[in-house]
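Q: Starting from the given sequences, assemble the full structure and let the hints guide the process.
In order, the protein sequence lines correspond to chains A and B. Each residue of the first sequence is one higher than the last, beginning at 1 in the working numbering. Each residue of the second sequence is one higher than the last, beginning at 1029 in the working numbering.
In short, the hints are calculated from the structure, not lab data. Glycine is no exception: its CB is placed at the ideal position from the N, C-alpha and C atoms. Any given hint could be a false lead.
Unchecked claim - Which stretches of chain A does chain B cover? Using the computed rule of at least three CB atoms under 8 Å from a CB of chain B, they are:
#	stretch
1	33–45
2	299–312
3	438–449
4	480–488
What the hints assert, rightly or not - Within a straight-line C-alpha distance of at most 20 Å, the following computed EDC-like cross-link-like pairs (lysine to aspartate or glutamate) qualify:
#	chain 1	residue 1	chain 2	residue 2
5	B	LYS1165	A	GLU983
6	B	LYS1041	A	GLU294
7	B	LYS1125	A	GLU265
8	B	LYS1142	A	GLU472
9	B	LYS1129	A	GLU983
10	B	LYS1170	A	GLU983
11	A	LYS899	A	ASP922
12	B	LYS1041	A	GLU315
13	B	LYS1161	A	GLU265
14	B	LYS1161	A	GLU43
15	A	LYS557	B	GLU1123
16	A	LYS317	B	GLU1073
17	A	LYS558	B	ASP1120
18	B	LYS1170	A	GLU1026
19	B	LYS1170	A	GLU622
20	A	LYS317	B	ASP1076
21	B	LYS1074	A	GLU315
22	B	LYS1045	A	GLU294
23	B	LYS1165	A	GLU315
24	A	LYS561	B	ASP1120
25	B	LYS1090	A	GLU315
26	B	LYS1165	A	GLU621
27	B	LYS1165	A	GLU619
28	B	LYS1165	A	ASP456
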Amino acid sequence: MTKINSQAELEEYRKNLRSKTDPNKRWVSLCSGSACNASSSAEVATAIENELEKHGLSGSVGFKRTGCHGFCEKGPIVDIHPEKICYFNVAATDVPEIISETIKENRLIDRLLYTDPATGEKIAHESDIPFYKHQGRIVFSSNSKVDPKNIDDYLAVGGYSALAKALCEMKPQQVIDTVKEAGLRGRGGAGFPTGRKWEFARNNPGDTKYVIVNADEGDPGAYMDRSLLEGNPHAVLEGLLIGAYAIGAHQGYIYVRQEYPLAVENVNIAIKQAEEAGFIGKNILGSGFGFTVEVAQGAGAFVCGEETALLRSLEGKPGEPKARPPFPAESGLWGMPTNINNVETWVNVPMIINNGANFFAAIGTDGSKGTKIFSLVGKVNNTGLVEVPMGITLKDIIYKVGGGVPKGKKFKAVQTGGPSGGCIPTEHLGRGVDFDELAKVGAIMGSGGMIVMDEDTCMVDMARYFLAFLTEESCGKCVPCREGIRQMLKILTNITQGKGKMSDIDRLERLAKTTASASLCALGKTAPSPVLSTLRYFRHEYEEHIKKHHCRAGVCKKLVKSPCQNACPAGVDVPRYVRAIGAGKFGEAVAVIREKIPFPAVCGYVCVHYCESKCRRGELEEAIAIRELKRFAADHDDGSWKQNFKATPATGKKVAIVGSGPAGLTAAYYAAKLGHDTTVFEALPKTGGMMRVGIPSYRLPDEILDREIKDIEDIGVKIKTNSPVESLDELFAQGFNAIFVGVGAHRGTSMGMEGETTPGIVDGIDLLREVNLGKEVKVGGKVLVVGGGNVAIDAARTARRLGASEVTIVYRRTRSEMPASEEEIEEALEEGIEIVYLATPTKAKKMDGKVKVKFIRMELGDVDTSGRRTPVPIEDSEFVKEYDLVVKAIGQESLVPDKFGLVVERGGRIKVDSDTLATPRDGVFAGGDVVIGPASVIEAIALGREAAIAMDKYLGGEGKIDEVLAPPEGEPAAFNLEEAEGEKHRPLVDMLPIDERVKGYAQVVLGWDIERAKMETLRCLRCDLEKH
Amino acid sequence: MDGNDKIDLIIDKYDGKPGSVIQALLEIQREHRWLPREVLLKVSEKLDVPMSRIQHIVTFYKAFSLAPKGRHEVHVCMGTACHVRGGARVLDAVENKTGIKPGQTDAELKFSLKTVNCLGCCALGPVMEIDGKTHGKMAPAKAEEVLKNYE
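A: Put into structure tokens, the structure is as follows:
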């Protein structure tokens, strides 16, 4: 590298370089950032070099090992230029094909291309890939073109031209003014206006001034600075040089974390090359300005990212922050005026000088100009580094760039700002990201860490995690930080272990206030932020941990025996009954299940199995078929649980249950067990609520339901059918001491469609009820069902059995958003039902004996506050079809008689106390769909249990409904590793042949034999036996 | 040239520069993998830094180890992204397999275990680093498999 002595020489050199490069020449870039290195990109590099050599292409095809491309999830990344074809997850073994197929024959290799997760489409070019398409790269763009170890690459893309412009064409004050006008604010987190900070340092008296690059990027989960320093170190140097010139500093330091060895290596190489070229040293480019720079490493202290602590560390002392004022601009390193800026801030400078202040100021928002690089990590599909203009919404970053949350899980919150920041829930995803907007909702943008969290993340645990981190990293100098954080951590640890008290929340808030206001530096001042932010938006999780000892995400080890049991609303001990089935003890398995729910068979046939979605085996091949196993056990019950059933002596109190659905019957069962004289009042001629009149008998046979209801009657519960309750006063007058209202939600919600009351349009729930009560219902010809839940599917399948020749379900979103369970959708399709996605009816009219329906097609638009993409009508896409019958099944509401004297809210739901299920009316409790809206059998059962506990306490009892029905489990049999290992899927379930199914209401899913059931139990990983 | 001479050479490089005591200690740590007391005394003398400050420094900064290290240094990342993806369970598995807790070295001096805060490979989380080699997309069973390969 020859020394360049003037601006003219630099431009000459650059011209020469560029003339030697053919823009149409083929070249290959391989990302060699730390993450790709960790994925063995070095092996890929060797393979590429070897293959090019082998084919004699080493001269004609270029190869560069470049800095980080940003799409770290998909590394190693190989780009083919000039077309900008992107190959992902490239292994060394893929290389021969890349060279022979793509380089030589221009053929694409499909398996290495990006696949759109929604459409399955393959996308070859970078500019079409959503991850890159929705970004706005100006700072990070050079990374993929530049080999960080080669200064010529940086020069070829225009490097050091800004330095030349500043040194040779501008005065220092002009440089400062330009940066001020551009509106650049510090990218390290605090966001102080950079130009102004430079001006302070410039104007403060002092013989020696210093400029420092703060590369002590400590926020866990943030690695933008590392990628910039590793991938384009010259850009950092150039920015630093310009800043030094503006301020009048001749000595610079780059303070890098020692955990970044590649960054240290590359920046040292860059410095050496820059020195050789004359960009560092005396009389740079003939301007008379001289500058030297040294690299200093951090030694593993997060607090050294704080500028005053960093300065102490540079001076060879422990990194303890100092009070400000005086600020470093006045008295910094060795007491001299010092300017410290973050890596990303420095990298923005050359671009501002080259393109002018207006170019920069045109990007971003009023208060936050330019772009920001974020590390988008955690539970997000496209993990990596993204650069976007300030002001882009969180929603767009997470969904458009990030591709949303993987595995169909529900988004919960996004954490920004690291340990100083906060979490932002769905309701604020529409906020723009910049220095000021996020602060309004209790978070900060911070240095750029953006961690996406889903339903499996516990927010209390996250708060504890950050406090644990800060307890370790606090320098210890000041009491509020050192002690305050430690005490907050203790409280949070207690809460996550089920030892918390409600008063802890107040104590946390008070400690937070003190720590924040009295700490010396930003570490202590912002330490309470994660706690306060999680309390603000997820207080219910704290309360659940404290009051119910429940961690809904299934994370807090001391509160979770096994993920399945934890996910079950009623807490059924799944692993135990699975083991019992494996041991051939089916009666015992049922007894274990019955310890928590009085409907083992019903649940075995129709439960929505939340447990299976959290099953750890599901992280391997497939979740355990927990529900199918439950059904198997129930089908083979020997009734031995009855021997252990213990009823309490009569209390003399009377309990009335309104509604014989799962909530009512469960509440009745436990109320009777606790000794209360219990009567159930059912308005319909048959018992069971939705279990009877909602769920068709080909899913849940009548005999099965009857048997379990009889078991409830056998313990003393009286059931009166055809007995609607008009008012609760009547019941109290009859001598009942407590009342449970479980009247469900069985009025179909209106679609709000023109012509909805047209004859020929019926409600799905009404249709199902008529059929299930044995009434004669005539259905023929073409039937349309509107909706996507289980009711829609049940109505459609029932219509088929009633004789419809053609049944179509129309749903306004796509299959992956349909609330109906997978099995139901599959079985419906097998029965010849057509499902039309992304369409919705807008108008209906009766014409010539048929119902004419107009539809409009939909497309998925922006994500709404529930985290789902809102369907948006496509203009001029209407189409019309005719049907003999239209069935609405888009939701249900409750109808609670006014005379009950209860407070009723949206959807007709009864308002209750969330802990006791008590309504504001004395002695009246409620549960099931009438409280939570249309949900599931198991949730209704769980609420029935809660209500029984509360009612018993109300009536003077202790609310102890737990019973031991199964014999004590001895030492569990040794885990058979061989049986459990290896890829194994669920055994197939016997099904009624498809052509038999729609002939009647015979059971469709026939179940397993003993062999298959036992085989399935061997796949269970027995998470409940894990040591805590 | 034996270890001691190498250390002397390093210290000589920083002779007369008390401000670079941290950099000197870092280099020694990289070379020798831990800091025996005698070495600290030598650094204190040559660089003219009081022993009390050296003690403060080596106990303040986490990069320094005052006890001998095992043949293999196992670092489990506890950064936020890795944590959210189940890093804590990976740590449990590693603790089980090695028999030691973070900050400890086993009796045979085979493994030293440490938790680190963010190695910057968040896309590969959970991440475990052994002797500088990054192992990404870890899970409890996978971590145990990886450890089996180290003698």
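Q: Now tell me, hint by hint, if it's right for this structure.
A: Comparing the hints with the structure gives:
Evaluation of the coverage hint for the stretch 33–45 of chain A: fulfilled, as 5 residues show C-beta separations to chain B shorter than 8 Å, against a requirement of three. Coverage of a stretch by a chain is defined here by at least three residues with a beta carbon nearer than 8 Å to that chain's beta carbons; for the stretch 299–312 of chain A and chain B the count is 4, and the condition holds. Coverage of a stretch by a chain is defined here by at least three residues with a beta carbon nearer than 8 Å to that chain's beta carbons; for the stretch 438–449 of chain A and chain B the count is 1, and the condition is violated. Counting residues of the stretch 480–488 of chain A whose beta-carbon sits less than 8 Å from any beta-carbon of chain B gives 0, not enough to reach three: the coverage restraint is violated.
Distance restraint check for LYS1165 (chain B) and GLU983 (chain A): the Cα-Cα separation of roughly 19 Å lies within the 20 Å cut-off, and the hinted pair is therefore satisfied. With a C-alpha separation of about 15 Å, the suggested pairing of LYS1041 (chain B) with GLU294 (chain A) holds against the 20 Å cut-off. The straight-line distance between the Cα atoms of LYS1125 (chain B) and GLU265 (chain A) is roughly 34 Å, outside the 20 Å bound, and the hint therefore fails. A C-alpha spacing of about 13 Å is found between LYS1142 (chain B) and GLU472 (chain A), which places the hinted pair at or below 20 Å, so the restraint holds.
The straight-line distance between the Cα atoms of LYS1129 (chain B) and GLU983 (chain A) is roughly 32 Å, outside the 20 Å bound, and the hint therefore fails. Between LYS1170 (chain B) and GLU983 (chain A) the CA atoms are separated by roughly 15 Å; this keeps the pair inside 20 Å, and the hint holds. Note on LYS899 (chain A) and ASP922 (chain A): the hinted pairing holds, with a Cα-Cα distance of about 15 Å set against a maximum of 20 Å. About 17 Å separates the Cα atoms of LYS1041 (chain B) and GLU315 (chain A), which keeps this hinted pair within 20 Å; it holds.
Only pairs whose Cα atoms come within 20 Å are accepted, and LYS1161 (chain B) paired with GLU265 (chain A) is accepted, the gap being roughly 16 Å. At roughly 14 Å between alpha-carbon atoms, LYS1161 (chain B) and GLU43 (chain A) fall within 20 Å of each other, so this suggested pair holds. Using a Cα cut-off of 20 Å, the hinted pair LYS557 (chain A) and GLU1123 (chain B) holds, with the two alpha carbons roughly 16 Å apart. Annotation: proposed proximity of LYS317 (chain A) to GLU1073 (chain B) holds, straight-line Cα distance about 16 Å (limit 20 Å).
Note on LYS558 (chain A) and ASP1120 (chain B): the hinted pairing holds, with a Cα-Cα distance of about 14 Å set against a maximum of 20 Å. Distance restraint check for LYS1170 (chain B) and GLU1026 (chain A): the Cα-Cα separation of roughly 17 Å lies within the 20 Å cut-off, and the hinted pair is therefore satisfied. Our distance criterion of 20 Å between C-alpha atoms is met by LYS1170 (chain B) and GLU622 (chain A), whose separation comes to about 18 Å. As the CA atoms of LYS317 (chain A) and ASP1076 (chain B) are separated by approximately 13 Å, the hinted pair is consistent with the 20 Å bound.
Only pairs whose Cα atoms come within 20 Å are accepted, and LYS1074 (chain B) paired with GLU315 (chain A) is accepted, the gap being roughly 17 Å. Of the pairs offered as hints, the one joining LYS1045 (chain B) and GLU294 (chain A) holds, with about 14 Å between alpha carbons and a cut-off of 20 Å not exceeded. With a C-alpha separation of about 39 Å, the suggested pairing of LYS1165 (chain B) with GLU315 (chain A) is violated against the 20 Å cut-off. This hinted pair checks out: LYS561 (chain A) and ASP1120 (chain B) have alpha carbons roughly 16 Å apart, not beyond 20 Å.
The hinted pair formed by LYS1090 (chain B) and GLU315 (chain A) meets the criterion: a straight-line CA distance of about 18 Å does not exceed 20 Å. Taking the CA atoms of LYS1165 (chain B) and GLU621 (chain A), the gap is near 17 Å; set against the 20 Å cutoff, the hint holds. With a CA separation close to 13 Å, the supplied pair LYS1165 (chain B) and GLU619 (chain A) stays within the 20 Å bound. Using a Cα cut-off of 20 Å, the hinted pair LYS1165 (chain B) and ASP456 (chain A) holds, with the two alpha carbons roughly 18 Å apart.
The earlier numbered hints that this structure contradicts are 3, 4, 7, 9 and 23.
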